[in-house]
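Trainee: Sequence lines, in order, name chains A and B.
My numbering puts the first residue of the first sequence at 230, with every later residue one more than the last.
My numbering puts the first residue of the second sequence at 230, with every later residue one more than the last.
Because the hints were derived from the structure by calculation, they are not lab data.
Misleading hints may appear alongside valid ones.
Same chains, same label: a pair holds when it works inside one copy or across any pair of copies.
No farther apart than 20 angstroms at their CA atoms in a straight line, the calculated lysine to any residue pairs in the SDA-like style are these [stated by the list, open to error]:
no.	residue 1	residue 2
1	Lys264	Asp354
2	Lys480	Gln448
3	Lys281	Lys332
Protein chains: 2
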Amino acid sequence: MSKDINLDIFCIGNAIVDFLSRTDDSFLNVNKISKGTMTLIEADQAETIYAKMGPGMAMSGGSAANTIAGFASMGGKAGYIGKVANDQLGNVFRHDIQALGVKFDTAALEEGAPTARSLIFITPDAQRTMCTFLGACVWISPTDLDIEMIQNAKVTYLEGYLFDRARAKQAFRKAGEVAHAAGKKVSLTLSDPFCVDRHRDEFLDLVQNHVDILFANEQEILSLYKSQKFDEAVYNVREHCEIAVLTRSAKGSMIVTQDQVIEIPAEPVAEVVDTTGAGDMYAAGFLYGLTQGKPLAECGRIAAIAASEVISHLGGRPQRDMAELLREKKAV
Amino acid sequence: MSKDINLDIFCIGNAIVDFLSRTDDSFLNVNKISKGTMTLIEADQAETIYAKMGPGMAMSGGSAANTIAGFASMGGKAGYIGKVANDQLGNVFRHDIQALGVKFDTAALEEGAPTARSLIFITPDAQRTMCTFLGACVWISPTDLDIEMIQNAKVTYLEGYLFDRARAKQAFRKAGEVAHAAGKKVSLTLSDPFCVDRHRDEFLDLVQNHVDILFANEQEILSLYKSQKFDEAVYNVREHCEIAVLTRSAKGSMIVTQDQVIEIPAEPVAEVVDTTGAGDMYAAGFLYGLTQGKPLAECGRIAAIAASEVISHLGGRPQRDMAELLREKKAV
Numbered sequence: 230m231s232k233d234i235n236l237d238i239f240c241i242g243n244a245i246v247d248f249l250s251r252t253d254d255s256f257l258n259v260n261k262i263s264k265g266t267m268t269l270i271e272a273d274q275a276e277t278i279y280a281k282m283g284p285g286m287a288m289s290g291g292s293a294a295n296t297i298a299g300f301a302s303m304g305g306k307a308g309y310i311g312k313v314a315n316d317q318l319g320n321v322f323r324h325d326i327q328a329l330g331v332k333f334d335t336a337a338l339e340e341g342a343p344t345a346r347s348l349i350f351i352t353p354d355a356q357r358t359m360c361t362f363l364g365a366c367v368w369i370s371p372t373d374l375d376i377e378m379i380q381n382a383k384v385t386y387l388e389g390y391l392f393d394r395a396r397a398k399q400a401f402r403k404a405g406e407v408a409h410a411a412g413k414k415v416s417l418t419l420s421d422p423f424c425v426d427r428h429r430d431e432f433l434d435l436v437q438n439h440v441d442i443l444f445a446n447e448q449e450i451l452s453l454y455k456s457q458k459f460d461e462a463v464y465n466v467r468e469h470c471e472i473a474v475l476t477r478s479a480k481g482s483m484i485v486t487q488d489q490v491i492e493i494p495a496e497p498v499a500e501v502v503d504t505t506g507a508g509d510m511y512a513a514g515f516l517y518g519l520t521q522g523k524p525l526a527e528c529g530r531i532a533a534i535a536a537s538e539v540i541s542h543l544g545g546r547p548q549r550d551m552a553e554l555l556r557e558k559k560a561v
Numbered sequence: 230m231s232k233d234i235n236l237d238i239f240c241i242g243n244a245i246v247d248f249l250s251r252t253d254d255s256f257l258n259v260n261k262i263s264k265g266t267m268t269l270i271e272a273d274q275a276e277t278i279y280a281k282m283g284p285g286m287a288m289s290g291g292s293a294a295n296t297i298a299g300f301a302s303m304g305g306k307a308g309y310i311g312k313v314a315n316d317q318l319g320n321v322f323r324h325d326i327q328a329l330g331v332k333f334d335t336a337a338l339e340e341g342a343p344t345a346r347s348l349i350f351i352t353p354d355a356q357r358t359m360c361t362f363l364g365a366c367v368w369i370s371p372t373d374l375d376i377e378m379i380q381n382a383k384v385t386y387l388e389g390y391l392f393d394r395a396r397a398k399q400a401f402r403k404a405g406e407v408a409h410a411a412g413k414k415v416s417l418t419l420s421d422p423f424c425v426d427r428h429r430d431e432f433l434d435l436v437q438n439h440v441d442i443l444f445a446n447e448q449e450i451l452s453l454y455k456s457q458k459f460d461e462a463v464y465n466v467r468e469h470c471e472i473a474v475l476t477r478s479a480k481g482s483m484i485v486t487q488d489q490v491i492e493i494p495a496e497p498v499a500e501v502v503d504t505t506g507a508g509d510m511y512a513a514g515f516l517y518g519l520t521q522g523k524p525l526a527e528c529g530r531i532a533a534i535a536a537s538e539v540i541s542h543l544g545g546r547p548q549r550d551m552a553e554l555l556r557e558k559k560a561v
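Isolated chain A, as found in the complex:
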């Protein structure tokens, strides 16, 4: 295989197929599922909850994988590592990411756990609530890394969700070290407030010492610093990362560096249908702008446009050619 590709971005993530279904709030209450968050579930719970779930649709998902899909659709050169099983859902995941031109060659898990599934409940307020069975994802390990690909990528982007399992965390840490040793940037998304809560000390160490570009939403950054006040969290994070990108749903987002704070308004949408993938697509847009050498404010605008596309339909991956959309919006 030729390695002469200089990637814009390289990602490691949990390779997941999403099962999306609309539901009402009472379903979440009755089943004690915390709205707007990601709950890890085991195989038997996945069966039980799926049996209670309404009819739906299946789409390739996974946080970093959504980001890489959006990034590739914008025209960026991207590589991905994630573990699927050798099963029908794994084939769907592999197809969808490769169809976008993303380099994805991670060997499938041949036996044992099936491909990961996230059962995603969309409530009438367009919020998404996820119950994720990690399945084959748990089996990713440092040996799955493509060192040369990481060394040649401008940015290595990692999802916080990887911290939930030991082998994935090792792969995460090693990828970051390789990227920095090659003089490249390391980016992290905090993924989920509960995930931050589970791994706060390690995440704080990462943010302070190892991450150049941080993505977080309001709840996540507050959780990281155990703070009630957004301003306080902003004050802390600007000392820790070169760039912090903080998303605030309809309030837009904030790009924070040591010497500037740029506020980016949310891109208007006719109707918010499903927020699945909003943060992932925001990161895709921001990183696309950044790796194309755009000023931060323009990166933010691209990010806001990307997020606006994905929240206007069901599912966490774009449904249209993002390069075309960015041209239409005169953002590139």
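Starting from the structure of chain A, add chain B where the hints point.
Mentor: Showing chain B alone in chain A's frame:
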């Protein structure tokens, strides 16, 4: 299992999982796929074409299964027979139809072919073009029929697609005989103009001698009578079936009986996104009205509303509670 359920409708169909992806017309031309129709493909072609397909989403499909899903979502009591394999896609199909309260107990195919897949290409004009690998569907047979369920259903609804394979055709014919012997109605959808072309003589015999309620779109009814003129086809079909329901896309539809012709306008939609399932959902609405004892014009209006929902998003199954939609539209 209790059989004391009196179903409104019972369906047999090809149990298929749809893979939907947007594409442009040139893709269809280059790959010599006839736009707007259903082409049968074999396992190896399914692999080859899927490899060329863009990223997409997977949803339970199948013509009669879409109809039954819509019918159940409106509040009707429904039963379905179709053959999936014991695999991940088969589980998705089973889950989605059972989650709507449809009685579906057909044993899965334990080995051999996988669950059927339809690769559906959505062009910018919202037209859908299907390449279907029948897989496990081919293995449905008369022994899969639940005779008592058919005897107790007001209408037995059959899809023309079943005629493409011998065992499925036998199951189709037997179900019709059982329904009529029990004094119930038999309904058929012609499914596809090429399908009609493959089985014209048998379909003509069915329509003349065995079908009470016929569904067809303009191309299909013209193909059936080898006619160029819609009026001529209408003239023929009114002599053959108790009720013929002829759909004409944006031109609305026509309900034809021996003594009346009722024209139903299409329900306006903000944007036609994907016509997958339009005919299926039209049949669902019409049959729901009919089995609820509504006059034909009201059945047509329910049908038009049902079709308008499904064409306003990607995928051939409704994305909202159809009973609620019909109440909002004051159609029930």
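Trainee: Which holds for lysine 480 with glutamine 448 at a C-alpha limit of 20 angstroms: within a copy, between copies, both or neither?
Mentor: within (13 angstroms within a copy, 50 angstroms between copies)
Trainee: Cα distance capped at 20 angstroms. Does lysine 264 pair with aspartate 354 within a copy, between copies, both, or neither?
Mentor: within (11 angstroms within a copy, 37 angstroms between copies)
Trainee: Pop the pair lysine 281 and lysine 332 into one bin, within, between, both or neither, using alpha-carbon distances up to 20 angstroms.
Mentor: Classified as between: cross-chain Cα gap 16 angstroms, same-chain 36 angstroms, threshold 20 angstroms.
Hint compliance for this structure: every hint is met.
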